[in-house]
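Asks: Mapping of the sequence shown onto my numbering: residues 3 to 181, in sequence order.
Some hints here could point you the wrong way.
Pairs of lysine-lysine, DSS-like flavour, derived with a Cα cap of 27 Å [claimed, not checked]:
#1 K67 / K51
#2 K117 / K70
#3 K71 / K117
#4 K105 / K117
#5 K24 / K51
#6 K152 / K162
#7 K117 / K67
#8 K121 / K70
#9 K67 / K121
#10 K105 / K51
#11 K71 / K110
#12 K121 / K162
#13 K105 / K152
#14 K67 / K110
#15 K110 / K121
#16 K121 / K71
#17 K152 / K110
#18 K105 / K121
#19 K121 / K157
#20 K51 / K117
Now the in silico label distances, taken between C-beta atoms and shown as ranges [as the list claims (entries may be wrong)]:
#21 T104 / R77: 39 to 49 Å
#22 L129 / F81: 52 to 62 Å
#23 L146 / L64: 29 to 39 Å
Think of the hints as simulated: they come from the structure by calculation, not from any bench. Being a predicted model, the structure only gives us computed values, none of them experimental. Note that the Cβ used here is the ideal one computed from N, Cα and C, for glycine as well.
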Amino acid sequence: MTETEFKYGDSKWLDQPDHISKSQIKREMHALQALGEELVALSPAARAKVPLDEELVDALELADKLAKKREALRRHIQFIGRLMRTRDVEQIEQALAVMRNTKQAADKQFHRVEKWREKLLTNDDALTEFVAAYPDIEIQQLRLLIRQAKKEQEKEQPPKAYRELFQLIRPVIMDGENG
């Protein structure tokens with residue numbers, strides 16, 4: 003053996019294209035475990051929308067039963083991560099991404115409705131702006147609820163009209179975005 007064979011970085015196995023470092027393997031395992039945690043956090047109805055095989059479904063159902071046993075759940079999530087190593091997780095990741103995007107879109111719509119409600123209650127010109135943007139709204143009902151909500155706020159009463167205003171404008175705004 004010559005001295006050049008042991009120089010740092012000259013190792014033949016490091017230069018091979020199919021070599022994966024131990025750190026890379028650990029990162030991939032932790033990513034699969036995090037994916038497993040995300041699946042455990044889903045409700046059973048949401049989980050049904052994800053393409054899972056029978057063994058994973060059983061493991062996730064058991065994780066639901068272990069929810070109150072912290073250490074057992076941690077070990078079981080590691081087990082789920084181990085199960086996921088032998089599966090093609092691309093479809094699972096895609097289904098979860100679609101769910102995340104759907105939730106983000108719903109949150110955006112909710113915040114948009116809240117902003118309009120606040121704008122309608124604080125700014126008098128907002129009513130004409132809202133009616134121009136969403137002409138399908140019942141204007142008389144809208145004015146009545148705005149007036150009632152303002153009175154409730156002044157008298158510090160429960161926000162009944164405030165909620166009703168939200169319920170009135172929400173479908174109009176969502177239909178306006180979708181249609």
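Asks: Each hint: holds or not?
Replies: Taking the hints in turn, this is what the structure says about them:
1. K67 / K51: Satisfied, since the Cα-Cα distance of roughly 20 Å is no more than 27 Å.
2. K117 / K70: violated, 38 Å
3. K71 / K117: violated, 41 Å
4. K105 / K117: holds, 18 Å
5. K24 / K51: Given that 27 Å is the threshold and the Cα spacing comes to 34 Å, the pair is violated.
6. K152 / K162: holds, 11 Å
7. K117 / K67: violated, 40 Å
8. K121 / K70: violated, 44 Å
9. K67 / K121: Between K67 and K121 the Cα gap is close to 46 Å, so the pair fails against 27 Å, i.e. violated.
10. K105 / K51: holds, 14 Å
11. K71 / K110: Distance ~35 Å between K71 and K110 Cα, so the pair is violated.
12. K121 / K162: holds, 18 Å
13. K105 / K152: Distance of about 31 Å is beyond 27 Å: violated.
14. K67 / K110: violated, 33 Å
15. K110 / K121: holds, 16 Å
16. K121 / K71: Roughly 47 Å between the alpha carbons, so the hint for K121 and K71 is violated.
17. K152 / K110: holds, 25 Å
18. K105 / K121: holds, 24 Å
19. K121 / K157: holds, 20 Å
20. K51 / K117: Between K51 and K117 the Cα gap is close to 32 Å, so the pair fails against 27 Å, i.e. violated.
21. T104 / R77: 39 to 49 Å: violated, 32 Å
22. L129 / F81: 52 to 62 Å: holds, 58 Å
23. L146 / L64: 29 to 39 Å: Violated: the Cβ-Cβ distance is about 53 Å, outside 29 to 39 Å.
Hint check: violations occur at hints 2, 3, 5, 7, 8, 9, 11, 13, 14, 16, 20, 21 and 23; the rest are consistent with the structure.
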